[in-house]
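My numbering numbers the first residue of the sequence shown as 2 and each following residue consecutively.
Hint data in this document are derived by calculation from the structure and do not stem from the laboratory.
C-beta atoms are modelled at their ideal positions from N, C-alpha and C, and glycine is treated no differently.
Some hints here could point you the wrong way.
[What the hints assert, rightly or not] Capping the alpha-carbon separation at 27 Å, the derived lysine-lysine pairs in DSSO-like fashion look like this:
1. K15 x K80
2. K164 x K182
3. K179 x K80
4. K25 x K80
5. K80 x K182
6. K164 x K25
7. K15 x K25
8. K164 x K80
9. K164 x K179
10. K25 x K182
11. K179 x K25
[As the list claims (entries may be wrong)] Simulated restraints, written as ranges between beta carbons of each label pair:
12. E157 x C12: 25 to 31 Å
13. L211 x H67: 30 to 36 Å
14. L177 x P8: 43 to 49 Å
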Amino acid sequence: MTESAAPILACIRKQAQAQFSQAKGSHDWDHTLRVHRLCRRIGSAEGADLLVTEAAAYLHDIGRGHQDRANGTLCHAEKGAAMAREMLSAHPLAGDRRENIIHCIAAHRFRRGATPRTVEARVLFDADKLDAIGAVGVARAFLFAGEQGARLHSPEVDVAQAKAYSIDDTGYREYLVKLCKIRDRMLTHTGRRLADERHRFMAGFFDRFLEEYEGER
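Given these sequences and hints, build the entire structure.
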């Protein structure tokens, strides 16, 4: 990344942060900054274009508020990519870099969306997913559940039948339907290495959580 990229990134960061004034804690600006730090770490190791990865990190969740207000019926990755396209039009970026940033945003979602085609998109995908597992991931899972007014645990409810954005959208449900699968979905060598340790911690936590919930420990 050249020194001339610094003013561009500073402006993009400021524009992105303005979109988080009313963000919920599980997907707030702090999450974006953690993803940004991971993007720098993974991107440097994987030989990515850091201007693209850092800009995409700042912008990747700018559509999240729209998804939350729609109770999940709107895809924040698609919305964010459209918003980013408009924002980036004012910056002196080469066309291929601009399109790569937009692609990174559109392709970063776990459950659906475009397939990450570039190294930069794979870096952002892995960085975003790493923040969903490990100790931080466990904390975010329960934070998100609390935001939905969910119970601590719904042992009598079949996880497959529990609805998202409901009282049964618990931290444990998030672990079973998404978080436990993340390690095997990582796309970079660096991301897989980091995910191994985070996954082990998270799996151990949820095993212990169930034991304590049932009074076995």
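So, going through the hints one by one against the coordinates:
1. K15 x K80: 19 Å, holds
2. K164 x K182: 19 Å, holds
3. K179 x K80: Judged against 27 Å, a Cα distance of about 22 Å means the pair holds.
4. K25 x K80: With Cα atoms ~17 Å apart, K25 and K80 stay inside 27 Å; holds.
5. K80 x K182: 25 Å, holds
6. K164 x K25: Given pair K164, K25 holds - Cα atoms ~20 Å apart, limit 27 Å.
7. K15 x K25: Holds - the C-alpha atoms of K25 and K15 are around 19 Å apart, at most 27 Å.
8. K164 x K80: 23 Å, holds
9. K164 x K179: 14 Å, holds
10. K25 x K182: 24 Å, holds
11. K179 x K25: Holds. K179 to K25 sits at ~20 Å (cutoff 27 Å).
12. E157 x C12: 25 to 31 Å: 51 Å, violated
13. L211 x H67: 30 to 36 Å: 35 Å, holds
14. L177 x P8: 43 to 49 Å: Since the Cβ atoms of L177 and P8 sit about 45 Å apart, the hinted range of 43 to 49 Å holds.
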